[in-house]
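Novice: In my numbering, the protein residues as written are 3 to 630.
Treat the hints with care, as some may be off.
Below are the DSS-like pairs computed for lysine-lysine, each with C-alpha atoms no more than 30 Å apart in a straight line [as the list claims (entries may be wrong)]:
#1 Lys583 with Lys385
#2 Lys34 with Lys334
#3 Lys334 with Lys221
#4 Lys566 with Lys583
#5 Lys385 with Lys566
#6 Lys334 with Lys385
#7 Lys566 with Lys549
#8 Lys334 with Lys159
#9 Lys34 with Lys53
In case anyone wonders, no lab produced these hints; they're calculated from the structure.
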Amino acid sequence: MAIDMSKYRDMFLSESREHLQTMGRLLVELEKCPDDREGLDALFREAHSIKGMAASMGYRATAELGHHLEDFLSGFRAGGAIPPAAIDRVLAGVDLLEGLIDDLAAERPERDVRAFIDGSAAASPRAPRPTTPAAEAGAPGNGAVTAPVASGEEILKIAIELVSGAVAPAARALLMLRELAAQGEVVDADPNERQLLQGGTVPRLELRLRSWRAPQEIKDLLLAMPDVARVSCVVERLRPATRQSRERTVRVRTGLLDQFINLTGELVTNRYMLQTAYNDGRDREMRDGLERLTRLITDLHHHVLQVRMMPLASITGRLPRMVRELEQQTGKEVALRIAGEEVELDRSILEALADPLMHLVRNAVDHGIEERGEVQVRAGREKDLVLVEVRDNGCGLDAEAIRRKAVAAGLLSPGQARRMVERDLFPLICLPGFSTRTEVSETSGRGVGMDVVKAVTEQFGGTLQIASERGRGTSIQLRLPLSVAIIRLLLVECGGELVALPITRVLRTLELERAEIRSSGRQMVVPLGNELVPLLSLRRMLRQPAKPVAGTIPVVVSEARGRKIALVVDRLVGQREAFVKSLAFPLDRIAGVSGATILGDGRIVFIIDPQGLLDEGAASGGRSGVSP
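Put together the whole structure using the sequences plus the hints.
Specialist: Given below as structure tokens:
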């Protein structure tokens, strides 16, 4: 009887990606120490593991390439060292293996690996085998996507402008399109081949290309062609899909499963003890049983969280490889130090954090380090929070450049800009489109990235802090919850209703006297330390009727848009642990509401996001301040 291997597919994909991350890290280390015999042996074992797993699953091309890399490395193991050219080739093989894994994940046919194995100059680590007649002909047929683009994949976004008065511009653009198809795979094009065959005026050609060639190589190739005025070629990394058609799986230690079984057995026993005590009217035994039930639920909560936890090492494996590539692109010397990789986070947080972490490291190399320096990635625990920090010893943020850019973009008036201290200016770099770069490079300068980092952090109820000193470096710290399912909440009353804020978004709570409140124009503010913090009415933000402010005023200090805000509430109720449920359509469209929980008395409490409420108020032109 044939064995159905499809149920092992997700496990194969997950483990293969782990092996490939390890191979990339080992290769970067071997480049610095080519005669590291233990590193060579470990690299060989990783290739062997991929080959064996792929062969057992029936993935022919993946197994064939794994076997080729295994054979290739065996010769260097005998010699005890691996040369730089061989490292480059194995890295290309790792890229090709990653492409094969992407093919399998997207349920596409495995791409051709023979050219690479044969050592052909046309070997393509990143270009998959054509899957459409148009692609087999070396050109896109009608502009439709010729093959699905894998989530998180890097492709080239190319824009070509022709010179004014070019002879037969449509024909010129068609030749360019077909030449680019020979350098990889055209994902889509505007105009497409069918449109270009119709002729006409074509001042500009835009396309996305999956290619093994570097962006600069593609750009130089196009600029060498006739009638080309300008070429833009940048790397576009597609964001991971938010929904997956297949269920995700996790690996669980057998010891943890045994603990689940034991806890389940104790819960069943305790249930019958409580039932018996209730039937017999034994109140003391009821109380003892409830206390035991509370302890069992706490233990169960702890072990359930462990199932979802993954170490930071699962997303840091790509960082050494990325830093190596940036060194080659920029000519800089950068030492990457990673500490705290054993720290664990909730799987959903970790997966969302992968791209932001890579962006922070890329920024540190590109913006921070000038010629040589060090980038540190550190993680640690602080009670129920995980702290992830990216620090460099480079030039630091230019506060004056940020100040000038903010004024030029209309974000601040000249007077406001002069009064702002440096630490208040730094969060502005997280605004969409904000960049002090005057030139766009292949790695940065487009004003995107930091806004995504901040958005992902706040999505999970975390905070982002920036510290920098000119000439000494920059530190960006992310404070994230351990889990997104069960979190600590601060309950507050507002307009007769209970709402909640994640504790991670609460900086402090206090009760103000009316005399402590000051007025700045039409905005009420409260002094906290050396800062004047805007005082906002949560009632107004939730569009509830206003209430006169009298006596002591309960306030929750939070953070939004990179600055502290003080939220006036009716009453501070207290803290509690709660199971958070995401909202389904259409409730998920409500701005400023990130989820909900159910209290012990059955009441539903919405969890609010101050940033979302402020954005919604700004969009509607409403005011949320406390009236003077």
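Novice: Would the pair Lys566 and Lys583 pass a check requiring their Cα atoms to be no farther apart than 30 Å?
Specialist: The hint holds at about 27 Å.
Novice: Run the distance test for Lys34 versus Lys334: straight-line Cα separation, threshold 30 Å.
Specialist: Roughly 15 Å between the alpha carbons, so the hint for Lys34 and Lys334 holds.
Novice: Decide if the proposed pair is consistent with the structure: Lys334 and Lys221, CA atoms, cutoff 30 Å inclusive.
Specialist: holds, 22 Å
Novice: Can you confirm whether the C-alpha distance between Lys334 and Lys159 stays at or below 30 Å?
Specialist: It holds: about 25 Å lies between the C-alpha atoms, which stays within 30 Å.
Novice: For the pair supplied as a hint, Lys385 and Lys566, confirm whether the alpha-carbon distance does not exceed 30 Å.
Specialist: holds, 22 Å
Novice: Checking one constraint from the list: CA of Lys583 to CA of Lys385, max 30 Å. Satisfied?
Specialist: holds, 23 Å
Novice: Hey, Lys334 versus Lys385, does the alpha-carbon distance stay inside 30 Å?
Specialist: Cα-Cα ~38 Å, so violated.
Novice: Does Lys549 sit within 30 Å of Lys566, going by the straight-line distance between their CA atoms?
Specialist: Status holds; Cα separation ~23 Å.
Novice: Sort out whether Lys53 lies within 30 Å of Lys34, counting only the CA atoms.
Specialist: holds, 26 Å
In summary, the structure is inconsistent with hint 6 from the numbered list given earlier, while agreeing with all the others.
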